[in-house]
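Chemist: In case you want the letters, here they are:
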Amino acid sequence: MKTPWNRFDFLLLPLLGGAFILLLWHLSSHSWSGDLPDPAKTWHESKPYVLEPWAKRGELDQGILRFTFLSLILVAKGYAIALILGTPIGFFLGLSPTFNKAFDPIIQILRPVSPLAWLPLGMVLFAKIKGINVTEVAALFTIALCSMWPTVLNTAVGVRAIPTDYLNVARVLKLSRWKTLTKVMIPATLPYMFTGFRLSLGIAWLVIVAAEMLTGRPGVGGFLWQQYNALVYEQIILCILTIGGVGFILDRLMSVIERRFKTI
Amino acid sequence: MAFLQLQGVSMGYGVPGGRTEVLADIDLEIEQGEFVAIVGYSGSGKTTLMSILAGLIRPEKGRVIFDGQDTPGPGPDRGLVFQNYSLLPWLTVHENVSLAVDQVFPQLSESERKSHTDRFVQMVNLTPARDKRPSELSGGMRQRVSVARTLSMQPKVLLLDEPLGALDALTRATLQDEISRIRLAEKQTVVLITNDPDEAILLADRVIPLTAGPRATLGPSIPVTLSQPRDRRTLLGNYDFKQIRHEVIQYLLKARPRHRTTLSRSLVLPDVEPEDITHRPPPLFAKPGSARRKSEMKTESVEVTL
Ligand SMILES: Nc1ncnc2c1ncn2[C@@H]1O[C@H](COP(=O)(O)OP(=O)(O)OP(=O)(O)O)[C@@H](O)[C@H]1O
Ligand SMILES: [Mg+2]
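Order-wise, the sequence lines are chains W and L. Residues in the first sequence are numbered consecutively from 879, following the numbering used here. Residues in the second sequence are numbered consecutively from 24, following the numbering used here.
Hints are computed from structural coordinates only; laboratory data are not their basis. Keep in mind it's a predicted model, so treat the numbers as computed, not measured. Be careful, since some hints might not be right.
Said to hold, decoys possible - List of simulated lysine-lysine pairs, BS3-like, C-alpha gap at most 25 Å:
#1 L:K265 x L:K277
#2 W:K1057 x L:K179
#3 W:K1052 x L:K137
Claimed, not checked - Footprint (simulated), chain W over chain L, 3 or more residues, beta carbon under 8 Å:
#4 59 to 69
#5 121 to 134
For every residue, glycine included, the Cβ atom is placed at its ideal position computed from N, Cα and C.
Full structure from sequences and hints, please.
Modeler: Listed below in structure tokens is the structure:
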């Protein structure tokens, strides 16, 4: 049945859901969770960060957009490394059964390892290299390593799924290896690659918080951790909402790009 | 020595145990400028035979001799029109053709290559659709792009694997005329694979039946003595045409192995609940009176040899 109400469902129901959560939050902070600031207090304390999003008052006291920007830059670098390394690795895994047999088990073991475990290794790994910012490199190492796997695995699946017919066209035309790769294999794998890219971006953004917390770098995650340690709880929720919102936007953007490449 | 030749070619798929022998002892000789049609049942190994001719797969036994070379790999001088078109879906009509042209004629200038591509897109009447992708085309249009791509390579031999199989009768007739025209104009060597004896006789100089698989092999070649160009309207009443048609169909029917079929039907043994005389209380969570045993499904099958 289409009643006039149904037309506002898409707006009304999410608002109702949000209001319900706000109520739950409010009640919690006034009953069993005494330390949790209630929504009104959270908003009041977060105002300086939201209303002056670009302010820089100190290293770990900046507007929320500025923090987000810092985090995004770090994620972008780590994510770029993940794609640059992950895509060729995926191609090798997909092309060579030998390579796949050799490395698939180790990938399956490394894949579920948490960023919290990789970061200390990164710190140790790069500690002795001169002229680099060890915490930044360790953070990039962690982001790249954790977010690489969906790209690697999806690319490998995509390469294996290239129809033999397309490769036969390349053989009949006697395309060189390079041309076969660029004109046939990469375009045929693109849809799979972009699914991998989207999932990787989600993970990269997930990892940023952990990486910033452990390294104390300025950014949304670092800010969250610092405020917690300073016993200021109001901005924790602000940070969580920001992280969630940015993650959502990134995922939407990647979905749009991904659909753009679903030509096959 | 013939221009394109198969000697004692055999081919099968799979490892011992689950193996299918597809082709056995195939001998074939095709001279330059000849148009040979191979007619066979579906699934008898026609595409396999074509892939061997094109060099895409190596026969397990026997030799392929093409233009003096012994079992060469695939190349643009043997232009294959794939049964399933095999267009690259991310390229437009023009790009699909120009991929071949750019590869085969690197010595031409860019504008020469472009006009060459345009000419072949025009030849199959696809100029209005030149910037469309395969997903936006009808089956027949895709087929024509595939033909244009192969013709544009100006191969020494044209290998057509059921090129008109998916088309409606009208488009089919148009393209048959087109193939016939190109062939006569360019003295092109053509191998056509089809499941339609009429099409084979309309176009070819020789028709060779391929027996049904497994272990399909080529029958005697039946020359088509009708003069070229042939007119499909008068052909159907032509006495020679009827004779050749009869011969081809007779051979295919005779060579058909005894087909085995299994007829089966499902039977349902209904659930029969024995009457409960002890009056036990129903088990917990069970609906009173609900079936405790599902109806049983049985299949009955009979094997028939025709
Ligand atoms: N790559 C493959 N691996 C295993 N079996 C195959 C392979 N290709 C073909 N076959 C088998 O070989 C037989 C012949 O296949 P083929 O595609 O050559 O038949 P066809 O005559 O072209 O059929 P159609 O008329 O339907 O196009 C079939 O039984 C098929 O199952
Ligand atoms: Mg076939």
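Chemist: Starting from W:K1057, check that the Cα of L:K179 is at most 25 Å away, please.
Modeler: Holds - the C-alpha atoms of L:K179 and W:K1057 are around 24 Å apart, at most 25 Å.
Chemist: Would you mind confirming whether the straight-line C-alpha gap from L:K265 to L:K277 stays at or under 25 Å?
Modeler: holds (18 Å)
Chemist: Would you check the hint for W:K1052 and L:K137, treating anything up to 25 Å between C-alpha atoms as holding?
Modeler: holds (20 Å)
Chemist: Quick one: see if chain W covers the region 121 to 134 of chain L, three-plus residues with Cβ-Cβ under 8 Å.
Modeler: holds (count 4)
Chemist: Would you say the region 59 to 69 of chain L counts as covered by chain W, given the rule of at least 3 residues with C-beta under 8 Å?
Modeler: violated (count 0)
Checked against the numbered hints listed earlier, the structure breaks hint 4 alone; every other hint is satisfied.
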